[in-house]
Amino acid sequence: MPTFTYNDITFTVASSGDRWDLSYALPNGASALAGAGLFAGLAEAEATARALALVKTIFPVGIKSVGPDVAHPNTIGDLKIVGPDVTHPNFIYWNKDSVSCPKQL
Amino acid sequence: MDIKGSVALVTGGGNGIGEAVVKHLARQGAKVAVVDMAQKNIDRVVKDIKEMGGEAIGIQANVTSEADTARYIKGTVEAFGKLNIAVSCAGIIRDGTMLSLDKETGQVSKKLDLAKWQAVIDTNLTGTFLTMRDAAEAMVNGGWEGLLVPISSVNKAGQVGQLNYSSAKVADALMPKIIVGEFLMRGIRNIRCVAIAPGYTATPMLTGMNQDALKAILEDVHLGRLVAPEEIASLIGHCVENQALNATTIEITGGLCYPKGIAK
Ligand SMILES: NC(=O)c1ccc[n+]([C@@H]2O[C@H](COP(=O)([O-])OP(=O)(O)OC[C@H]3O[C@@H](n4cnc5c(N)ncnc54)[C@H](O)[C@@H]3O)[C@@H](O)[C@H]2O)c1
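Heads up: the protein sequence lines correspond to chains A and B, in order.
Note that the numbering used here gives residue 65 to position 65 of the first sequence, counting from 1, and the numbers run on in steps of one.
With the second sequence counted from 1, adding 1000 to any position gets you the numbering used here.
In short, the hints are calculated from the structure, not lab data.
Remember, predicted model here, so these are calculated numbers, not experimental data.
Just so it is clear, CB atoms sit at the ideal spot from N, CA and C, and this is done for glycine as well.
Please note: incorrect hints may appear among the correct ones.
Taking CB as the label site, the calculated pair distances span [claimed, not checked]:
| no. | chain 1 | residue 1 | chain 2 | residue 2 | range |
| --- | --- | --- | --- | --- | --- |
| 1 | A | GLY29 | B | GLY1158 | 40 to 50 Å |
| 2 | B | GLN1243 | A | ASP8 | 29 to 39 Å |
| 3 | A | LEU26 | B | GLU1051 | 18 to 28 Å |
| 4 | B | GLY1142 | A | SER16 | 25 to 35 Å |
| 5 | B | ASP1002 | A | LYS80 | 20 to 30 Å |
| 6 | A | ALA49 | B | LEU1114 | 15 to 25 Å |
| 7 | A | GLY29 | B | GLY1187 | 26 to 36 Å |
| 8 | A | ASN7 | B | GLY1208 | 47 to 57 Å |
Chain A stretches covered by chain B per the calculated footprint, using a threshold of three residues with CB under 8 Å from any CB of chain B [unchecked claim]:
| no. | region |
| --- | --- |
| 9 | 4-10 |
| 10 | 42-48 |
In silico BS3-like cross-links for lysine-lysine, where the CA-CA straight-line distance does not exceed 27 Å [to be verified]:
| no. | chain 1 | residue 1 | chain 2 | residue 2 |
| --- | --- | --- | --- | --- |
| 11 | B | LYS1177 | B | LYS1215 |
| 12 | B | LYS1047 | A | LYS56 |
| 13 | B | LYS1082 | B | LYS1103 |
| 14 | B | LYS1040 | B | LYS1116 |
| 15 | B | LYS1004 | B | LYS1082 |
| 16 | B | LYS1116 | B | LYS1074 |
| 17 | B | LYS1050 | A | LYS80 |
| 18 | A | LYS56 | B | LYS1177 |
| 19 | B | LYS1103 | A | LYS56 |
| 20 | B | LYS1111 | B | LYS1215 |
| 21 | B | LYS1110 | A | LYS80 |
| 22 | B | LYS1004 | B | LYS1103 |
| 23 | B | LYS1082 | B | LYS1177 |
| 24 | B | LYS1074 | A | LYS56 |
| 25 | B | LYS1040 | B | LYS1050 |
| 26 | B | LYS1047 | B | LYS1074 |
| 27 | B | LYS1074 | B | LYS1103 |
| 28 | B | LYS1047 | B | LYS1004 |
| 29 | B | LYS1050 | B | LYS1004 |
| 30 | B | LYS1215 | B | LYS1116 |
| 31 | B | LYS1116 | A | LYS80 |
| 32 | B | LYS1215 | A | LYS56 |
| 33 | B | LYS1103 | B | LYS1047 |
| 34 | B | LYS1215 | B | LYS1103 |
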């Protein structure tokens, strides 16, 4: 069962008949399915290469710069709370693996 | 278009109507991409499709984000080599009247929150726009036969307490005419667009609604019950297969007859 790490996430490619399932480890230790019944008829090495290509498109490595979303404050009465917002569109995609990111001091 | 062998992407595919749509299409032999914000829901649906012997990918994303939209369209094409069907089911409600009055003074005591307005417009209108736009882009550039399905609502007629929701859903219902008109003008013949306007449907979304209002509405439904998500899924399956359905919005309500045609 091949595994690989991308974007600090461990992915597993498991055979299921003549197809492949792609799962990954969640931070809480549980496992989630990124795909099932994929790459019919492909050999393990090819399926793993396809899985990596897929992972690179749906889990892009990036720097999430979470700015205060001033347009959508949460309100409690008159109080406006401008907290960090994980849905903020200010997301810079980085097309390289995080380990290869230049480190800046 | 045959469902078997096609590739479908369904936003909000982790629950309710979207879940029924992905499962229906997968059962008929489509390869499916389940896009949702809730990872737990994606996991459940992808597992169910695996057990059905189907082929699925799950992508956690927010439909209001342009970057996320590009990511799930690209991911679907990367996994399955093409994209034929895009159904925009991700939607939310944040009901409330525009103004609330103080019973004693008759003065305005509360206004509809901008956050409530914006969240519904962002998800139900901008989210649908982004998915339809980027799916159409992939279909045009790939030269694949395609169907775009915005999900509107019967409350496009205008529901009191849903100024935000009805405004988004009436705009979603207009999309097929405008999009297909544009395709005609530009000589794009491989993509159709049909919106679906469900009536009150048995999904978790309705638990967020005022339950008294829902009970009153059901009295005006000829069928006497809520529409089942599977009934909407089967209509979408029919839209895929019937090429003559195009540039229109189809209501599926079980016979919702508002008094004098006005939503209450
Ligand atoms: N249930 C009804 O009676 C009814 C009637 C008419 C129209 N509709 C429309 O049908 C669609 C589906 O409704 P439903 O009842 O199945 O809802 P639901 O709440 O059961 O499911 C909606 C799904 O969309 C997902 N979602 C919400 N916001 C998202 C976002 N920003 N990005 C990605 N995913 C997101 C949710 O996680 C959820 O899984 C909605 O557009 C809704 O407006 C529903």
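Each hint, compared with the structure:
1. A:GLY29 to B:GLY1158: 40 to 50 Å: holds (49 Å)
2. B:GLN1243 to A:ASP8: 29 to 39 Å: 46 Å Cβ-Cβ, so the 29 to 39 Å window is violated.
3. A:LEU26 to B:GLU1051: 18 to 28 Å: holds (21 Å)
4. B:GLY1142 to A:SER16: 25 to 35 Å: holds (28 Å)
5. B:ASP1002 to A:LYS80: 20 to 30 Å: violated (52 Å)
6. A:ALA49 to B:LEU1114: 15 to 25 Å: Violated, since ALA49 of chain A and LEU1114 of chain B (Cβ atoms, about 48 Å apart) do not stay within the stated range.
7. A:GLY29 to B:GLY1187: 26 to 36 Å: violated (53 Å)
8. A:ASN7 to B:GLY1208: 47 to 57 Å: With Cβ atoms ~34 Å apart, the hint is violated.
9. 4-10: n = 0 at 8 Å, threshold three: violated.
10. 42-48: violated (count 0)
11. B:LYS1177 to B:LYS1215: violated (33 Å)
12. B:LYS1047 to A:LYS56: With a Cα-Cα distance of about 22 Å, the restraint between LYS1047 of chain B and LYS56 of chain A holds, given a limit of 27 Å.
13. B:LYS1082 to B:LYS1103: violated (58 Å)
14. B:LYS1040 to B:LYS1116: With a Cα-Cα distance of about 25 Å, the restraint between LYS1040 of chain B and LYS1116 of chain B holds, given a limit of 27 Å.
15. B:LYS1004 to B:LYS1082: Holds, at about 14 Å.
16. B:LYS1116 to B:LYS1074: Not satisfied, since the Cα-Cα distance of roughly 31 Å exceeds 27 Å.
17. B:LYS1050 to A:LYS80: Between LYS1050 of chain B and LYS80 of chain A the Cα gap is close to 45 Å, so the pair fails against 27 Å, i.e. violated.
18. A:LYS56 to B:LYS1177: violated (36 Å)
19. B:LYS1103 to A:LYS56: Between LYS1103 of chain B and LYS56 of chain A the Cα gap is close to 57 Å, so the pair fails against 27 Å, i.e. violated.
20. B:LYS1111 to B:LYS1215: Holds, at about 26 Å.
21. B:LYS1110 to A:LYS80: Given pair LYS1110 of chain B, LYS80 of chain A holds - Cα atoms ~15 Å apart, limit 27 Å.
22. B:LYS1004 to B:LYS1103: violated (59 Å)
23. B:LYS1082 to B:LYS1177: holds (25 Å)
24. B:LYS1074 to A:LYS56: Holds. LYS1074 of chain B to LYS56 of chain A sits at ~10 Å (cutoff 27 Å).
25. B:LYS1040 to B:LYS1050: With Cα atoms ~15 Å apart, LYS1040 of chain B and LYS1050 of chain B stay inside 27 Å; holds.
26. B:LYS1047 to B:LYS1074: holds (22 Å)
27. B:LYS1074 to B:LYS1103: Measuring from Cα to Cα gives roughly 54 Å; hence the hint is violated.
28. B:LYS1047 to B:LYS1004: With a Cα-Cα distance of about 20 Å, the restraint between LYS1047 of chain B and LYS1004 of chain B holds, given a limit of 27 Å.
29. B:LYS1050 to B:LYS1004: Roughly 16 Å between the alpha carbons, so the hint for LYS1050 of chain B and LYS1004 of chain B holds.
30. B:LYS1215 to B:LYS1116: The hint holds at about 24 Å.
31. B:LYS1116 to A:LYS80: holds (14 Å)
32. B:LYS1215 to A:LYS56: violated (48 Å)
33. B:LYS1103 to B:LYS1047: Violated: LYS1103 of chain B and LYS1047 of chain B sit about 52 Å apart, past 27 Å.
34. B:LYS1215 to B:LYS1103: holds (25 Å)
Hints 2, 5, 6, 7, 8, 9, 10, 11, 13, 16, 17, 18, 19, 22, 27, 32, 33, counting from the list given before, are not met by this structure.
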